[in-house]
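Novice: Spelled out from the first residue to the last, the chains are:
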Amino acid sequence: GAVVSQHPSWVICKSGTSVKIECRSLDFQATTMFWYRQFPKQSLMLMATSNEGSKATYEQGVEKDKFLINHASLTLSTLTVTSAHPEDSSFYICSASRQGPGDTQYFGPGTRLTVL
Amino acid sequence: AQSVTQLGSHVSVSEGALVLLRCNYSSSVPPYLFWYVQYPNQGLQLLLKYTSAATLVKGINGFEAEFKKSETSFHLTKPSAHMSDAAEYFCAVSEGAGNMLTFGGGTRLMVKP
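Protein sequence lines, in the order shown, are assigned to chains A and B.
1286 is the number of the first residue of the first sequence in our numbering; add one for each residue after it.
44 is the number of the first residue of the second sequence in our numbering; add one for each residue after it.
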């Protein structure tokens, strides 16, 4: 149990276009979902936290108008990178947790975004 | 504020040797501590977690970690390394409501035949 999927797993797009990444909890209801960004050979950086039905909470330095997060249901959150530029190229990973402090975060397989 | 330090960005061991990956944390409240493993181009897989029960936590794939409050450490060990253990390992801490994770910088484990 506790499987999280992401789609797509790899996307290449042109500069200026928008890309939507989906994160789904397949066998549990996720009260909270998290979006991370990971640069090559580096650790994960939290971008935002989202609770179902609420606005996402963004970390300092993350542009909320550029990285749109929607958490429409207890099993689906989406991250839309708007007007993507080459510097947005990265590995984006989502995670989901059921509820409560210290509850385990289950991670998706990640989405590699390459902006040309 | 919480933080995590992983000593050694790269650790190399021989197959069959002891694996020791170090993690020290700082937290203003009793922490929840996690170890995750990441294989290339994949997401993170939970190895084990500490949530204020037993201080010695056993995880998957033969890994275990010991919570030492006096040393603010949560080092990961495995008695005998396998080639398949080669991966990136992340220690993370969570405290309070919202279960936001703070990750360490990661340690790349290499296993030599």
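It should be emphasised that the hints constitute simulated quantities derived from the structure, not laboratory data.
Just to be clear, a hint being listed does not mean it is correct.
If the Cβ cut is set under 8 Å, some of the chain A residues that face chain B in the computed set are [what the hints assert, rightly or not]:
| # | residue |
| --- | --- |
| 1 | Phe1324 |
| 2 | Leu1329 |
| 3 | Leu1331 |
| 4 | Gly1338 |
| 5 | His1370 |
| 6 | Ser1374 |
| 7 | Ile1378 |
| 8 | Gln1390 |
| 9 | Gly1393 |
| 10 | Pro1394 |
| 11 | Thr1399 |
A partial selection of chain B residues facing chain A, derived with a Cβ cut-off under 10 Å [what the hints assert, rightly or not]:
| # | residue |
| --- | --- |
| 12 | Gln49 |
| 13 | Leu50 |
| 14 | Gly86 |
| 15 | Leu87 |
Predicted model, so just to flag it, every value in this text is computed and none were measured.
Using N, Cα and C, we set each Cβ at its ideal position, and we do this for glycine too.
Novice: List in ascending order the numbers of the hints, as given earlier, that are violated by the structure.
Specialist: The structure breaks hints 1, 4, 5, 6, 11 and 13; every other hint is satisfied.
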